[in-house]
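Chemist: Letter by letter, the chains look like this.
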Amino acid sequence: MTTKRIVVGAHYGLKDWLAQRVTALVLAAYTLILLVTLLVTPTLDYGSWAAIFGSGWMKVCTVLALISLSWHAWIGVRDIYMDYIKPTGVRLLLQVLTILALVGYACWAVIILWRV
Amino acid sequence: MAEMAGRAGAKSRPEFRNIHVSQLSSYRLPLAGIVSILHRISGALMFLVGIPFILYLFEQSLTSEISFENYRAIISGWFAKLVLLALIWAYLHHFCAGIRYLVMDVHLALDKDQARGTAMSVLVVSLTLTFVIGLKLFGVF
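From first to last, the protein sequence lines are chains A and B. Numbers 71 to 186, taken from the working numbering, label the letters of the first sequence in order. Numbers 649 to 789, taken from the working numbering, label the letters of the second sequence in order.
Honestly, the hints are just simulated from the structure, not real lab data. Wrong hints could be hidden among the right ones.
What the hints assert, rightly or not - To give a feel for the contact side, a few chain B residues facing chain A, derived at Cβ under 7 Å: (1) Gly-691; (2) Ile-699; (3) Leu-703; (4) Phe-706; (5) Leu-710; (6) Glu-713; (7) Phe-716; (8) Gly-765.
Claimed, not checked - Derived DSSO-like pairs: lysine-lysine, alpha-carbon spacing no greater than 30 Å straight-line: (9) A:Lys-129 with B:Lys-729; (10) B:Lys-729 with A:Lys-85; (11) A:Lys-129 with A:Lys-156.
As the list claims (entries may be wrong) - Here chain B is said to cover these stretches of chain A; the calculated rule only asks that three of the stretch's residues, wherever they fall, bring their Cβ under 8 Å from a Cβ of chain B: (12) 106-113; (13) 125-135; (14) 154-164; (15) 173-186.
Source: prediction; values computed, not measured. Ideal Cβ placement from N, Cα and C applies to all residues, glycine included.
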């Protein structure tokens, strides 16, 4: 059995590069959606603010944005660790903590959203 | 022979190494470099401070009318406003610089002058918007 090895890398780089850009576009789109929604809301009080996130499609958009945000932040933060944190153990620890934080934040956001 | 040539070459060629943190202040970055490092700093800031702080405010603003009033009380403090303004700058810079990178990804504005121009635009747009939002945030208008 032979394993086909490619000398120029493991090729997860392209996938991450693309994911970073696609998630960026999703986040940019979400920013515009939220901005337009806020601009067409005449008065911002608790009622109108809660109504925005009470609607089903806004929840779906927000969850999509949250997934994109977590993925995007993971790639960016991991890149920072790869550049500045050289000891493997420390880097691994930071990476694990980052993943736990991001998944935790996403769960927290979903809990907040589904209370409305 | 090869060793001799190598040594002679090593003497005459300048050496380029990764710079040390202590040398950072003596290096003048080009505009694109400034935009690049700010992209990284703004991203790190949003990850470390932005996500937890904004989620906390999001929770306070959405949970109930009482917590909504609590949210308004929190963001009326000057320190919270300052943090918020830093995060707004981080978002705006990351947004504008990100669009610049997407444009460059499709091979537009790649030559030196254009790249410098777009880097300048990123700084002007993000800083101007931050300034205007800052005035609004601190109640100047």
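Chemist: Any hints this thing doesn't respect? Which numbers, in order?
Modeler: Hint check: 8, 10, 11, 12, 13, 14 fail, others pass.
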